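Starting from the given sequences, assemble the full structure and let the hints guide the process.
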Amino acid sequence: MKVNKKSWLAIGGIAVASIILAGCSSSNASDDSSKDDAATTLTVWVDTERVDAMKGAVEAYEDKTGVTVKLVGKDNGKIKDDFIQQVPTGKGPDVVMGAHDWLGELSTNGVVAPIELGDSADDYLPVALQASTYEGTTYMLPYAVENIAILRNADLIPEAATSFDDMIAKGKAAGLETPFVVEQGVEGNPYHLYPFQTAFGAPVFGTDAEGNYDPTDLQIGNEGGFQFATWLGAQGAAGNFNTDITGDIAKTKFTTGEAAFWLTGPWNVSAATDAGINVAIDAVPSPTGEVASPFAGVKGFFVSSESKNKVAANDFLVNYIGTEDVQLDLFKAGNVLPALKVAADTAASDPIIAGFQKVGADAVPMPAIPAMGAVWQYWGIAEAAIINGEDPTATWQKLTDDVSAAITK
Amino acid sequence: MAEERLPYPEKTVAQQAVLTTAAGGTAEEAELMVGGIGQFPRAEKPVRRRSFGRWFADTGWRHLIAVVVSLFAIFPLLYVLSASLNSNGTLIGSNRLFGEFSFDSYVRMLTNPDVPYPMWFLNTMIVAVVTGFTMVFIGALAAYAFSRMRFAGRRVGLITIVVVQMFPQLLAVVAIFLMMTAIGDWFPAIGLNTLSGLILIYLGGALGVNTYLMYGFFNTIPKELDEAAKIDGAGHARIFFTIILRLVAPILAVVGLLAFIGIVNEYVIASVMLIDPDKKTLVVGLTQLVSNPRYADWSAFSAGAVMAAIPVVVLFLLLQKYIVGGLTAGATKG
Amino acid sequence: MTDTVTTEAADKAPPQTPKQRSAARIADAAGGKLRWLVLKIVLLAIVDAIAVYAVFVLLAHGEWLVLSLVAAVTILVNWIYFSRKAIPAKYLTPGIILLVVFQIFTLSYTAYIGFTNYGTGHNGTKDQAISSLMSSSLVRVEDSPTYDVTVVERFNELGLLVTDPTDGDVSLGTNTQPLEPVDIASDGTVDGWTSLSFADVLQRSDEVEALAVPYSDDPNDGAIRTQDGQKGYLYVSTLDYDPVADTMTDTTTGTVYTDTGSGAFTSETGEQLLPGWQVFVGFDNFVRAVTDASIRGPLLAVTAWTFVFAIVSVASTFFLGLLLALVFQNKRMRFKNGYRSMLILPYAFPAFLSALIWAGMMNKSFGFINQVLLGGAEIPWLTDPWLAKISILIVNLWLGFPYMFLVCMGALQGIPEEVNEAGVMDGANPWQIFRRIKLPLLLVTVSPLLIASFAFNFNNFNLIYMLTGGGPRFTDVSIPVGQTDILISMVYKVAFTGQNRDYGLAAAFSILIFIVVAVISIISFRKTKALEELN
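Protein chains in written order, with my numbering: chain G, 1 to 409; chain D, 1001 to 1334; chain F, 2001 to 2535.
Hints are supplied without guarantee of correctness; some may be wrong.
To be verified - Derived DEER-like restraints, expressed as beta-carbon distance ranges:
#, chain 1, residue 1, chain 2, residue 2, range
1, G, K332, F, F2155, 48 to 56 angstroms
2, G, T256, F, I2522, 56 to 64 angstroms
3, F, M2333, D, V1314, 16 to 24 angstroms
4, D, W1061, F, L2076, 52 to 60 angstroms
5, G, E159, F, V2477, 57 to 65 angstroms
What the hints assert, rightly or not - With a Cα cut of at most 25 angstroms, we get these calculated SDA-like pairs of lysine to any residue:
#, chain 1, residue 1, chain 2, residue 2
6, D, K1279, G, G77
7, D, K1321, F, M2134
8, G, K78, D, T1181
9, G, K70, D, T1194
10, G, K80, F, N2500
11, G, K308, F, D2206
12, D, K1279, D, F1151
13, F, K2493, G, I407
14, G, K80, F, M2134
15, G, K91, F, L2443
None of these hints come from the bench; they were simulated from the model.
Treat the numbers as computed from the prediction; the structure is a model and nothing was measured.
Cβ atoms here follow ideal geometry from the backbone N, Cα and C, with glycine treated the same way.
Pasting the structure below:
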C-alpha cells in the first residue's frame, strides 16, 4: 500500500539525513570540546558608562601580558544582584566593578575573594583603603572616591557661605525664591542629608578602635539625632527642603539659575558647566558650627571567589589598575577623584576636583555592614515625613525603634 | 453537549465569502453570494443636505470621544518627544515642553559606535517578527484542536495553559540563567547570549491566554462550514489551512500584534539572555542608557524610544485591514 | 459523533467504476495529498535529524537524564505524526513541548527554591562556603615584609622561591616542605627546579592559589602565599577547618562551629559563620509565610486593595477599550486610522518610561497636572492615601486600555451583522441590541482575557513600584509597607528587607499567592463555561 511504502521511504530518508548531520556536527562538537586553553581570559563586568574608559587600559594590558580581557557592560541597577546570583554557578565574571558598601552583602554571600595590596596599600588615600577593607580583610581595589559637596553659582553668589543660615540668607539676598536645592524625593534621600546629621553629632553607627562600624552601637537615635530631627522639621516648614524636588528638578533649577546652591556630587558637575554656569565647590555649610561630614562612596573592583583565574585577576587589579595611568583614565570618564594618591594629586589640578577633595577630607565611608540595610529602609521615609510636617521627635523615635528591631531580627 | 452548540448558526458575510472561494469560486462569485446576505448601503440621502445635528448624532459624537481619549493617550508621550528634541535636558525636570529643538539626540543614537542602535533595532525586529509569527501559528493550531476536536482533558488543558502563565515570575531570572547556561554548554547556538535562545524562551509562552482568545473566536465559526468541507473531501489539515485560517484573520492579526508589541517591550528575560552589546534588543539597550540615575541620558533614550515606537504603529496600520476590514471590498462589519 | 477525520476520506462522489475510482485516487494523491505527505516527511526528517544530533552531543557530555528525555520525546513526536489517530496531539504538540521545556522549568525551579533557604548568606554550596571562609580568615602576620617570590616546579610539584627583602636570603618550600634556605645559581635558578613563566603561572592558576608554604615547622608561624605569582605574603589563618569532624574552629577565640543542618556553621551560642550554604528546609518557608507576625497588621488592607486594584483595572480598561472599539465601528467616520494609531501609542512605549513620566506629571509642587492643567494647585496625587490609589488606577487605565481596545476590535468581528438586523426588526434600539445581544456574545470570547488580565494585575508589581513605591507608608506598622502596596509588592518588602534577600521565603509567598489567584481564575472559568451554555 502506498502509505507503507512512503513510510519506509521516510524512515530511510530520515536515517540517512540524521547520520550525515550527526557525523558532521559531532566532529564539530569534538573540535569544540577540546578547548585550547592557550590564552587565559578574564571576564570583567563594568558599568556601561565606564566601558569606554576601560577599553584603553584593557588593550594595553592585553599587549603586555597576553591575557585576553573581556569587558562586559552591565546595567547599573542589576550588576550587584546578577553577580551574587551567578558566581556560585561558576559562570560569573572574574572581576566586577562596584562600590564599597556592597562589601557586607558580598562577604555574607561568600562571593568575593580577598585581595592583597601589599606595599601598595600606602599609595591609596586613607579613606579609600578603609572603605576597601571589611572585617580586617581587604577585598576591593579602589579607583575612585566620591562625596557630595555644595555647587555654588559663582556668578550669582561670589562668596562661599559660612553656615546653613548664611547660605539661605545670601540666596534670598540675591533675589532667589529657592536659594538651595538638594535632591529629595517622596521617600526622602538620607544620603544627601547626612552631612547635616553628622553636624549635630549623630552618625548612624558608632565606630570601634579601628574605625569599623559597630552594628550593635546604633547612634542615630542619640541626642544629636533628635536635635537634627527638630532642625529638619523647621527647615522643611521654611521651605528649604522639599520632598517634591527630584534629581531632575534640582538639576533644572540650578542650571536655569533659579537656585544658587546645589548639594550634589561630581556626577552633576558637567551638567552645570554645560549649561554655562560658573561653578564653585564649597564645603557643606554646617547648621551647628561642627563639621558637616558627608558620606564617602568608594568605587573599586572585586575579584570573584569562584574565579578560575585569580592570579591573572589579582595581577590585573593590583599591578595594573592600581597604577597612575589607569586611575587617571578612569577619572577622565567619570570625573570622580581617583583613589591612588598620586593620581588624586594630578586630578586635583582641576579646581572643581580639588574642591571635592577638600570636602572629602572630612567625609566618612558609608557603612558596609549588613545592618545598614535595615537603616536605609526606614531612614528616608522618616526624614521625608519630618520635612512634611510630622512631629520630629516622635518620628525620629519611631525610626530608631524600627531600625533597632530590624537589626536584631 | 452544550459546548458544541454554537451561539449563532448564521454565517457571517465573511464566512460565506470564504466558503464560496474555498469551494472553488471566484471573487466575483463571492461578491454575488455576499450580496444576498450582506448589506448593501441603503439608498444614500444627498450628503450635502445632512444637517449638523444629524451628523453629530451619527458621527460627531464619535469624533468627540475619539479626540478626548486620544489626547489622554498622547499627552504624557509629548514629554518623551520633547525630551528627545532637547539634547541636554532632563525628562521631567521642567514643564516647558518643546523648549529646545534639535535632532542631536537622534543623530547620536544612530551614529554612536558604542551604542549600536541599528543593531538593536534589527535584533528586536528579528526576534519580534519570528516569535510573533510562530506564536500565532502555534496558538492557532492549538485553538483549532481545542475548538474542533473532542479529547480527554480538553477543558482542563485549556484552563491549565492559562493558569500556568499566572505563575509569578519572581525567580524567573535565576531559573532562566541556570537553564540557558546549561543548554548553552551543550548547544551553543541556542544558549545564553543568542537570539535563537531568546526566541525559544518566548515561544514557551505561545500557549496561553492568546490561545484561549483564539479558541473563543474559533468557536464563533459554525461547525457547518467544517462539515460542508468534509463532504467535499477535505481532511482536517486542509480545512484548517484553507478555510479556518482565513476566517479567523481578525483574531490572528490581533494576537500577532499583541505578541509583537509584548515582545518588543519585554525586558526582564531579554536582559538576562543578551549580554553582548551587539546582541541586545532595543529595550535592553535603551534601559542601560538610563539605568544609572546619575548618568542617565534621557534625551538619547527618548529619541531611541520614539524611533522604536514607529514599527509598532506601522505594523498596526498594516494589520488594520485584517482586524477591522472584511475579506472582500465593501463587506465591512459595521 | 466523532470529529476525527482520516486523511483518506471515503470518496462520496457519484458512483464510479472501480477503474475510475482508483484513477481518481491516484490523481488526488498526486495533487494535494501527496504534497502534504512530502511536506510532513521532510519536517519530521529535520526534527529527527536534530534530535539525533542532540543525542550525540549529550552523549559527549554524559548527560544521561536529558538524553533519555530527548530520545523519549522524539519517539513520541514521531509516533504522533505518523499515526492516524492522535489528531488533536498533532496540533498541540509543538506548543506543549515548548511550554514544558521553557515555562514549566521556571515554575518548578521557583517551587523548588521555596523549599530551600536560598538567599543572602546561603548563596552557594557547602564547599564554596568553606573555601570562602578559609580565604577570608587569612590575616597577615604582623610586621612581616613583602617577599619577592617566583613559582618554581619540580616533577610537577609547585613550590615557591622566596627572597626575603630584609636580608636578601633566598629560601624554597612547597605545600608540604617548609621554607629552607637554598643556593641560587648565577642565573637565579635553583638546581632541579624550573621557574614558571608568567603564562605558565596563569595556566596553573588554581594550583598557584592553593600554594601555602609553611614558614617553619611550627604551624603557628603561618604560611607564605602569593596572589599574583610575583609577590608573597606571610599569613596566619584565624579559622581552622577539620574535614573529619566537619567543624570550623576559630583559632583566636577557640569557639567551635559545627554544621547543624541549618545551612551554616553554628556555634553553641547560636552564632553563625557566614557565608553559609543552601539547604533544603522543607515547609519552613511556607510556615513562616503564613505565621509571620509583621505582615498580619497590614495584610487585610493590602489584600483588599489588591483585589480592588485588579478588578477596577480590568473593568476600566475593558470598558474604555470596548467603548472605543464600538465608536470606530462606523463606515462614514473619517480619520479612523489616525485616531486608532494615536490610541495604541501608550502600548508602544516601555511601561517604566511611562510610569516615570506620570510620576513626574503628578508631582505635587512641580508636576504638569498641578502647575499647568490646574493652574498652580497643590494636590498630593501620589502622597495622599486615597489620591495615590486613584492615581494608580488612572495610570493603569492609561497603560492598559490600548490592549483591550485591540482585543475588542478583533473580537467584535466575530459577531455577525445579522444579529444587528434581527434586533432592529424586533424593534430594539441600538443600546438594547448592544446590551442584550452583542455584549454577552463578546464576553464569551473575551472573558478568558479578562480573567487573565485580572491575574496579571493582581501581580502587577512593576507599576506600583515605579509610580509610588508602595505609596504613602502605613505609619503604625513596622514593615515598610504602604497604602498602594499590593500583595506581591508587600511580599518583596518582607522577603527582601534591606540587604537581606530571602529568596526561599519570597518563593513560598509567591506560590501561596499563585494558589489564591489560580483558584479564583478556575472558579471564574467555570462561570464562563456556564455563560457559554446559556447562549
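Hint check results:
{"no.": "1", "hint": "G:K332 / F:F2155: 48 to 56 angstroms", "result": "holds, 50 angstroms"}
{"no.": "2", "hint": "G:T256 / F:I2522: 56 to 64 angstroms", "result": "holds, 57 angstroms"}
{"no.": "3", "hint": "F:M2333 / D:V1314: 16 to 24 angstroms", "result": "holds, 22 angstroms"}
{"no.": "4", "hint": "D:W1061 / F:L2076: 52 to 60 angstroms", "result": "holds, 58 angstroms"}
{"no.": "5", "hint": "G:E159 / F:V2477: 57 to 65 angstroms", "result": "violated, 48 angstroms"}
{"no.": "6", "hint": "D:K1279 / G:G77", "result": "holds, 20 angstroms"}
{"no.": "7", "hint": "D:K1321 / F:M2134", "result": "violated, 68 angstroms"}
{"no.": "8", "hint": "G:K78 / D:T1181", "result": "holds, 18 angstroms"}
{"no.": "9", "hint": "G:K70 / D:T1194", "result": "holds, 17 angstroms"}
{"no.": "10", "hint": "G:K80 / F:N2500", "result": "holds, 13 angstroms"}
{"no.": "11", "hint": "G:K308 / F:D2206", "result": "holds, 7 angstroms"}
{"no.": "12", "hint": "D:K1279 / D:F1151", "result": "violated, 43 angstroms"}
{"no.": "13", "hint": "F:K2493 / G:I407", "result": "holds, 15 angstroms"}
{"no.": "14", "hint": "G:K80 / F:M2134", "result": "holds, 23 angstroms"}
{"no.": "15", "hint": "G:K91 / F:L2443", "result": "violated, 49 angstroms"}
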